[in-house]
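Residue numbers (our numbering), protein chains in the order written: chain S, 1 to 407; chain Y, 1 to 407; chain W, 1 to 407; chain A, 1 to 92; chain X, 1 to 92; chain L, 1 to 92.
These are calculated hints, taken from the structure and not from any lab test. Not one of these hints is a red herring.
Cross-link-like lysine to aspartate or glutamate pairs, in silico, EDC-like; alpha carbons within 20 angstroms at most:
1. W:Lys35 - A:Glu48
2. S:Lys237 - X:Glu48
3. W:Lys237 - S:Asp36
4. Y:Lys237 - W:Asp36
5. Y:Lys337 - Y:Glu373
6. S:Lys337 - S:Glu223
7. S:Lys237 - Y:Asp36
8. Y:Lys337 - Y:Glu224
9. Y:Lys346 - Y:Glu224
10. Y:Lys237 - A:Glu48
11. S:Lys346 - S:Glu223
12. S:Lys337 - S:Glu373
13. W:Lys237 - L:Glu48
14. W:Lys35 - Y:Glu278
15. W:Lys346 - W:Glu223
16. Y:Lys237 - Y:Asp130
Now the stretches of chain X that chain S is said to cover, found in silico as 3 or more residues with beta-carbon under 8 angstroms:
17. 4-12
18. 34-42
Here are some, though not all, of the chain W residues that point toward chain Y, as calculated from beta-carbon distances under 10 angstroms:
19. Val29
20. Pro55
21. Ser62
22. Val97
23. Trp99
24. Pro101
25. Thr293
26. Gly297
Keep in mind that this is a model prediction, so the values were computed, not measured. Note that CB positions come from ideal geometry on N, CA and C, so glycine has one too.
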Amino acid sequence: MLTDFLETTGFAQMTAGNAVMICIGLVFVGLAIVKDYEPLLLVPIGMGIVIGNIPSIAGMSSSVYSQGGIVVEDGRVQTETATVIDAEGREREVERVRWVPGSVLAYLYFGVTQGIFPPLIFLGIGAMTDFSTMLSNPRLVLLGAAAQVGIFLTLIGALALGFTPAEAGAIGIIGGADGPTAIFLSSKLAPHLIGAIAIAAYSYMALVPVIQPPIMRLLTTREERLIHMAPPREVSKRERIIFPIAAFLICTLIAPGAIVLLGMLFFGNLLKESGVTERLARTSRTALIDIVTILLGLTVGASTQAQTFLRRESLLIFGLGAVSFAVATAGGVLFAKFMNLFLREKINPLIGAAGVSAVPDSARVVQMIGQQEDPHNFLLMHAMAPNVSGVIGSAVAAGVLWSVLVH
Amino acid sequence: MLTDFLETTGFAQMTAGNAVMICIGLVFVGLAIVKDYEPLLLVPIGMGIVIGNIPSIAGMSSSVYSQGGIVVEDGRVQTETATVIDAEGREREVERVRWVPGSVLAYLYFGVTQGIFPPLIFLGIGAMTDFSTMLSNPRLVLLGAAAQVGIFLTLIGALALGFTPAEAGAIGIIGGADGPTAIFLSSKLAPHLIGAIAIAAYSYMALVPVIQPPIMRLLTTREERLIHMAPPREVSKRERIIFPIAAFLICTLIAPGAIVLLGMLFFGNLLKESGVTERLARTSRTALIDIVTILLGLTVGASTQAQTFLRRESLLIFGLGAVSFAVATAGGVLFAKFMNLFLREKINPLIGAAGVSAVPDSARVVQMIGQQEDPHNFLLMHAMAPNVSGVIGSAVAAGVLWSVLVH
Amino acid sequence: MLTDFLETTGFAQMTAGNAVMICIGLVFVGLAIVKDYEPLLLVPIGMGIVIGNIPSIAGMSSSVYSQGGIVVEDGRVQTETATVIDAEGREREVERVRWVPGSVLAYLYFGVTQGIFPPLIFLGIGAMTDFSTMLSNPRLVLLGAAAQVGIFLTLIGALALGFTPAEAGAIGIIGGADGPTAIFLSSKLAPHLIGAIAIAAYSYMALVPVIQPPIMRLLTTREERLIHMAPPREVSKRERIIFPIAAFLICTLIAPGAIVLLGMLFFGNLLKESGVTERLARTSRTALIDIVTILLGLTVGASTQAQTFLRRESLLIFGLGAVSFAVATAGGVLFAKFMNLFLREKINPLIGAAGVSAVPDSARVVQMIGQQEDPHNFLLMHAMAPNVSGVIGSAVAAGVLWSVLVH
Amino acid sequence: MPLVLDLHRVLEHDGLEIAVTGMLIVFAVLALVSGFIALLPRALARLEAVLPAPHDAHAPRPPSAAAGDEVELLAAVAFCLHLEIERGRREH
Amino acid sequence: MPLVLDLHRVLEHDGLEIAVTGMLIVFAVLALVSGFIALLPRALARLEAVLPAPHDAHAPRPPSAAAGDEVELLAAVAFCLHLEIERGRREH
Amino acid sequence: MPLVLDLHRVLEHDGLEIAVTGMLIVFAVLALVSGFIALLPRALARLEAVLPAPHDAHAPRPPSAAAGDEVELLAAVAFCLHLEIERGRREH
Ligand code: NA
Ligand code: NA
Ligand code: NA
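Required output: the full structure, derived from the provided sequences and hints.
Quick look at the structure:
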C-alpha cells in the first residue's frame, strides 16, 4: 500500500517541464515581492503556476482543465437511475443524466473561460478611476488611440508566423497592455491560448519600467523631454457624471463588441461619480475586485501546466508580446510628436508612452523619465489622460477584433 | 471590410424602441442623482437599461437572454469529439456534449431568473433592520398586513385585464412595494415578466414621495394627522434574539412558500442581534448586499431590451402597479382608522401608509406629512413598525401566491 | 381554497423528526449565543437546521436536495421546442433540453457538494494565520502529526461498524477537528454523509472546552502540567514569506490529494506575509471568508432534514466522532510525553492536545488548563504551533485518504 | 386594443377566493406574530425567575400597557378566519 | 523549426485590411470621445442658463415640493411607451 | 440493531494498512516541514552574505537602476523554455 501510494505522489510523476514552470512561478512571486512589480497580479499568478504544476492523481485531478460534465458514449448522453429523497422525505427512484463532477479549480476557472471575471474587474477599475485629467485635456485622448497600433501590427506579425486569424487577434491584444481585456478577448477568440496570453500580458505590464524607458529615450530629444505642460483645469461634477454614460454610448454604438467591458468600466465610474451610490462604488473597488482578482490570478496561473504551456506557441506569444509593447510605446510617443506639428501648446511626447495603458505603471514611468531630465517637471497627472484613454482604446480594439474575427 | 464592420455597428441596427428605452434609462439615472430617489437601485437599473439597449451583433450577443446551453437538433442532444489534455498531460480524444457558451450578462442574470439574488439581498436587509420599534408596539404589526390588500386587488385587476392567474399573481406583488420579493415571485410565476415587474416595483418605490402624500391627505382629517404617539419602550436583547427565530417559525409553518425569503431575512437579523456573529452581519449588510445589488440592478435593467419590453403588457403592468401602490397606501391608512375605533391609545393613521414597505422611504414620507401639520410630531420611529412588518407581510403574501398559483 | 391551502402548510406536514431537528437547531444557536462556542459556525448551522426542517410544498421545495436538472425519461434526455427572442428582437423557435430549475438553497449547496467552499475558507484562514510560533519552534510541528491518529483509528472503528471504506475515511476525518477539511473530504468520498459529518465535526469543535480537559488531566501529571517553556524567538520576514511556498511544495509533492486545500491555505498566507498584497489578504480574511462561511453554514445546516438525517448512521457518526476527538487529544498529549524522553528542553505535554487543530479553541483550552495549575504559565502561544500544524496534518491526511479510498 | 375589464375572467380563475384567502392568511400570520411579541416580554419575565439573565446591559421593561388591545384585535381576526374556514368546508 | 515570417499569409487572411480598419475605428471612436468632452463644458454652460445646478445629495430637500416634475416625467415616459406600441402595431 | 464491531471487516478492507500508511505519510510530511523550517534560518543566514536584504516596498526605489536583473531573469526563463521545447522535440 505504501509503495502504491508513493507511485501516486508528485515526486514520482513530476516532469522536467513541471519543475521549470514551478521555477517560473517562484520568479513571478519573487519579482512581485522584491521589485514591487504589479504584485496584486503576479503573486496570485505565480502561486497559481506553482499549484498548477504539482502533478495530480488520475481520477482526482485538481487541474483547471478537469471540467467535469455530462458523460457521452457512442454519441449518446448516458443516463442512470438513482435513489433520491424527495421533498416529503420519501425515497424515490429517478432517472437522470450521468455526470462527472469538475475539480474546484475548474469551477473557479469557469469565470475565466467564459469571460466573466474581466468585466467584473473593469467594474472595480471604473469605480477607482478618476477621468478628470482626461476630461480637462481632451486632445490627449488621441494618444490612447495611437498606442493601440501595437495591437494591430502584432496581429499582422502573428498571422505571418502562422497563427490563425482568431489566434492572431487574441495575441495582438497583448499590446493593449490590459490584462482583463486580453483575457476577455482570448476567451472569445482562442480559449486554448488564454494562459499564455494572460501570462504574457501581465508579465510585460509588470516589466513596463524595464521595456518602455529605452524606447522613450530613443524616440525623443532632450528638448522634447523637457517640455512642461500647463496644469489641468478643474472639472465640474456634472461633466464627470455625464462622461461615463456618453462615452459608453459613443464607444459601443460604434463597436458593440466592447459592450460588456466598457459597460462595466463606465458603470463603475458612474457609481463613483454619481455621488449617491458611494457604497456600491466602494464595494466594487474593494471586496468585489479583490475577490475576482484572487480567483482570476490563481486560476490563470494554474492553467499553465507544463503539458499545455511549454510549447513553441507560448514562446512565440512571448516574443510577439514584447514586440507589441515596444511598438505600442513607440506609437504613442511618435503620435505625440506628430500632434506637436499642429499644436501651439506642445505636448511632452513622453506622455504618449502612457497610451499603452498598463495603468498606472506606464504613467509612473513617464513621470520618472521626465524627472530624470528636470526634477521640477511633474508629468504624472498629464500622463494619466492617455493612460486611461488607452484602456478605452484597447477595449474598443478588442470589440472590433471580436466582431471581425469570430467566425 | 470597413463597410462590413459599419453594418454591424449599433447605429446601423438601432431601433426607435432602443432609443426610447435608452432615454428611459437616462431618466432613471437622472432621477436617482437629482432627486436622490432610491439611487442604489435606480442607478444600476438605469445604466442596465442603457447597456441592454445597445444593439449587439448576431453570434456575439451581450444580451441577458443569450443563455447558451446544450445544442439540440431533431429532438436529439448533439455530441462532438474533442481533443483534450488529461491530468498527465497526454492528448486524448473525448466525446462530449455540444454546447454554446452564454453571454456574460446572461450568466449574471441567472441569479435573477433562478431567484437566487433576492434572498441574498434579504439576508443583508435582515442584518441591517432593527425590529425594536415593532417589538415595542405589536399592534402596529397589523398595519403591515392591511397594506397588502393592494397585492390582492391588483391580482383581481390583472385577471380582469386578461393576464393568466400566474402572471396576475406576479403583477399583484408589485403592490408589496418590495423589489426582491417581486423579483423572487415573478421568477417563479412569470419569468417572462421579470423585467417589467421589477422595473415597475422599483419605479414606484422610488416615487413613493410622489404617490403616497395625496392619498394620505385625502383619507385623513387634520385632527388625525395631529395625533401624537407615546414613545416606544425599550426592548431587551433577549426579545431581539428570540424574535427572528420565532417569527420565522410562525410565518413559514403557515406559508412555506416564504421559507427562502423570510429564512434569509430573519437569519440576517439573527446574525445582527445575536451579539456573537457581528462580523458575519457586517459583511452581509455591506460587501454581500452591495455585490448582489449591483449585479441584480444591472441585469434587471439590461433585461428590458426594447424588443421584449416595449409591449402592451408592460404598459398595463405599469398601470396596475400604480393602482396597486395607491390601494396599498389607502389600505394601510384606512385600517389604522379602523383600529382606532377599538383602541384607547389612538394610532396616527398616517403611519398606516408605511405598511406598504418601501423601507425606509414610506416611513420618511409619513414623518414629512406629519411634520407639515405639526413640526413637533416625530412619527418616523412609529412608522418603522408597519414598515418592517410590511416586508414580512408581502413575503408571506408571495409565499401564499406561489403555492396557490404554481400549477 | 383555504382548506386546500391549509393542507400545504408546515403544521399539516410536520413530522416528529422535523420537530426534533428544529429543537437541535435551537440548541446550536443557544450554545453559540450563551456559551460563545464557535458562534460563527453554530449560528448559521443552527438557523440552517431550523430552515431545512420546515416542511416545504411538493413542486416548490426549498430543500438543498431539490437540485433541478435535465429531464430524463426512458433513458432519453427530453427536449422541447420553445419560442425565444433573439439578439435582433425577432421571435424564433428553438429546440432545447427540458430542464427543471433547482431551489435557491440547492444552488448555494452546490458549493458544498462540489467542495468549492472549503478551499475558499482555507484561503481566508491562511490570510489570518500567523505561522511565526511554529516557525520558531519546529519540533512542535510533530505534535500536529501525532494528533491525526484519531482520524485513522476512527477509520478502523467505522469499518468495524459496517461502513464502506470510503464512508469510513470521511467519518475518520472528523478527528481532524477541521470543518472545511471534513466537508471537502466527505464531498469527495461520501456525499450522502456530508451533513452528518459536518455537523459532528463542528459540534465537537464547539465542544472542545468540554471534551478535552478531562483527557488532558488524566494523561498528565501535575509536574508535567507545570512545565514552563522558553519564549519563542522572533521570526524574520523572509522566513515567513518562504514558508508557505516551501511547505506547500513539500506537502503536495507527497500528498497531491491536498493540493486544493493546502494550495489555498498557503496562498492566503503568502498574500498576508508578502507585504505587497495586503488588500487581497484583507479581503480574503473578511468579506470572502464571511460570505462563504454564511453560505456553507446555512446550507450544511439545511441539509439535515429529518428524513435524511435522523438515521442510525448519523448516530453512529456522532459516536465515532466523539471517540475520534478523544483519541486525537490523547495522541497529541502522549506523543508530547514521548518526545520529552529524548528532549533536553521539555515540552509541556498539555500543548499536544492542541494538535487536533480546532483553531484556536483547543489552544485556548491548553492555556486554561495550564493556568489552573500555575497562573503564571502562558501556554497559548506555544500551543498555537501544534494547533496550526494540526491543520496541515489533517489536510495531508485528507489528501492521503482521498487518493487511497476513491475507487 | 381597448382596455376591457372582464370580471367574468376573475371569477372563472377563482380570483376573489384567492384574494380573500390571501388576505386572511397574511392577517393571520401577522396577527400571530403580533400576539407572540406582545406576550414575549411577559413570558421572559416569568422565565427570569427560573433562569439567569443573559449577560445584557439593558434591563427588561414591563410589558406594554396597551397589551389588552391586541388581544381584542387578535380575537377579531381569529373570528374572521374561523368563519372563512367554515365556509370553505361547507363548499366541499 | 525556424522562425519564418510568411507575409503571404497576412494578405490571404486580410491582415492588412483588418489592421487598418481596426486602427481607423479606434481613432474614430476616441476622436468622437475627445470631441464630446471638448464640447461638454460649453454645452453645460449654455444649459446652465436654462436649468438649475445639479442637486447636492447632502443638502436638505423638501421631498414633495418638486412633485410636479416627476409626474411630468412619468407622463412623458408613458406617452413614449404608448407611441412606440402604437407604431409597432401599425407596422404589423 | 445492536452495535457489532466486526474486526474481520477491517482486515478485509485493508483498514490497518491504510491507517498505518496514513499515519506514516502524515508524520513524514510534517517531519520534512519541521526539518525545513529548522534549517531555514541557517540557510538564509548563509545567503545573506551573497544577496541583499529583501526590498522594502515602501522605500523609494530607482525603477530602472536594477533593470539588468530582470533582463537576466527573463533571459533565464526564455532559455529554460527553449531547452524544454528542444528536449520535447527530441523525444518525439
Ligand atoms: Na491599452
Ligand atoms: Na410590503
Ligand atoms: Na487537525
